[in-house]
Amino acid sequence: GQNIDQPTEMTATEGAIVQINCTYQTSGFNGLFWYQQHAGEAPTFLSYNVLDGLEEKGRFSSFLSRSKGYSYLLLKELQMKDSASYLCAVNSGNTPLVFGKGTRLSVIA
Amino acid sequence: DVKVTQSSRYLVKRTGEKVFLECVQDMDHENMFWYRQDPGLGLRLIYFSYDVKMKEKGDIPEGYSVSREKKERFSLILESASTNQTSMYLCASSATPDTEAFFGQGTRLTVV
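Taken in sequence, the protein lines are chains G and E.
Be aware that the first sequence starts at 1, since it is given in our numbering, and climbs by one per residue.
Be aware that the second sequence starts at 1, since it is given in our numbering, and climbs by one per residue.
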């Protein structure tokens, strides 16, 4: 079966750092995506991790541990515009991506 | 710039109506997908297609059908709309089934 878990909601302060976790149990694993989705809009691609370790892209970083079935998205220097839902999705190999339910992040002043 | 375009942003239909949601992509992608997104339930896959004239059921196909007559176009059909199909519908495409998906802007469908 396929199971992907993320926290439902998180709140963080402008300028702070926040870590959004994603754990997965899937029948196969090739890599993990992170998407950002603002309210009422389409998801947009943030990152894709295949190998263990941290990948940094500006204020956003994504980490993967294949052995632990775990990933996180790290957002630094939070801005109000980072208020959005963050979806992790697993590439389990030649089948459609399997999405988590998403984490709604609220950034407060 | 890559683009997935859905025909309507907002749609209101009556119970029992036949509803067509259209999606067009300009990336020459083989793979296209239809999801619905509901609060607390996340993205759920309705149908997908890996090639023209080909379709596969996703996790929640009941009450829906699809059509893919041309590579760039993937249509979702609600044969007889019901109130429990009120939702946000998202179309996506990708180069291969397991690579980055590009999403359309979504259609918020309300069935009254």
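Calculated from the structure, these hints are not laboratory results.
Computed from a predicted model, the values in this text were never measured in an experiment.
Careful: at least some of the hints might be erroneous.
Facing chain G, according to a computed beta carbon distance under 10 angstroms, are these residues of chain E, among others [unchecked claim]: (1) 33; (2) 63; (3) 95.
Counterexamples of contact, computed for chain G against chain E with all Cβ distances above 10 angstroms [unchecked claim]: (4) 67; (5) 87; (6) 96.
By construction, the Cβ of each residue, glycine as well, lies at the ideal position given by its N, Cα and C atoms.
Outcome of the hint check:
no. : hint : in the structure
1   : 33   : 6 angstroms, holds
2   : 63   : 19 angstroms, violated
3   : 95   : 13 angstroms, violated
4   : 67   : 21 angstroms, holds
5   : 87   : 7 angstroms, violated
6   : 96   : 5 angstroms, violated
When each numbered hint is compared with the structure, violations occur for hints 2, 3, 5 and 6.
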